[in-house]
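The numbering of the sequence shown is the numbering used here, which starts it at 1 and goes up by one.
Calculated from the structure, these hints are not laboratory results.
Treat the hints with caution; some may be incorrect.
[Claimed, not checked] Per label pair, the in silico range of CB-to-CB distance:
#1 His65 x Glu40: 36 to 42 Å
#2 Ala14 x Asn76: 17 to 23 Å
#3 Glu51 x Ser8: 28 to 34 Å
#4 Ile24 x Arg75: 20 to 26 Å
#5 Tyr37 x Ser6: 45 to 51 Å
#6 Glu51 x Glu73: 25 to 31 Å
#7 Glu73 x Ser38: 37 to 43 Å
#8 Ser38 x His65: 21 to 27 Å
#9 Glu74 x Ser8: 36 to 42 Å
#10 Asp13 x Glu73: 39 to 45 Å
We put the CB at the ideal spot given by N, CA and C, even for glycine.
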Amino acid sequence: MERIESLSVATLDAIILRIRHCSIALQFLDPYNFINYSKEKDEFISNDIKEQERLYQMHMNEILHLLEIDDIEERNHHFSIIKYSMSDKPFHILYEIIENSMLYHKN
Numbered sequence: 001m002e003r004i005e006s007l008s009v010a011t012l013d014a015i016i017l018r019i020r021h022c023s024i025a026l027q028f029l030d031p032y033n034f035i036n037y038s039k040e041k042d043e044f045i046s047n048d049i050k051e052q053e054r055l056y057q058m059h060m061n062e063i064l065h066l067l068e069i070d071d072i073e074e075r076n077h078h079f080s081i082i083k084y085s086m087s088d089k090p091f092h093i094l095y096e097i098i099e100n101s102m103l104y105h106k107n
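Based on the provided sequences and hints, a complete structural model is requested.
So, in structure tokens, the structure goes:
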């Protein structure tokens, strides 16, 4: 809890920006967006999809690093929170991460 309370405004802004980037990458990675693509089109964008996956992973790692979450089990827990969040608003997702981090450390 103390580590979250001690985050600066600049750090929170950096986290929110990275959450936005993750949201964009996830929309791009949704397989339903490409369900009607021909094989040629699918092959054409496959490199872009791989790059989005790499960027998504990088931003997720940066978010958790900025939140000073180093425990592997906790990192995996927060990965799923961001990835499967029902919200598309970065502030809501950040709130979910903070709330879940507090609950995670309570147990």
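Hints versus structure:
In this structure, His65 and Glu40 meet the distance hint of 36 to 42 Å, their C-beta atoms being roughly 39 Å apart. Ala14 and Asn76 have their C-beta atoms about 22 Å apart, which keeps the hinted 17 to 23 Å range intact. Remark: the range hint 28 to 34 Å for Glu51 to Ser8 is upheld by a beta-carbon distance near 31 Å. With their beta carbons about 21 Å apart, Ile24 and Arg75 fall inside the hinted range of 20 to 26 Å.
The supplied range of 45 to 51 Å is met by Tyr37 and Ser6, whose beta-carbon atoms lie about 47 Å from each other. A beta carbon spacing of about 29 Å between Glu51 and Glu73 agrees with the range 25 to 31 Å that was offered as a hint. A hinted range of 37 to 43 Å holds for the C-beta pair Glu73 and Ser38, which are about 42 Å apart. Restraint check, Ser38 to His65: a C-beta distance of roughly 40 Å breaks the suggested window 21 to 27 Å.
Against the hinted window of 36 to 42 Å, the Cβ-Cβ separation of Glu74 and Ser8 comes to about 22 Å, which falls outside the hint. Under the hint 39 to 45 Å, the C-beta atoms of Asp13 and Glu73, about 28 Å apart, miss the expected range.
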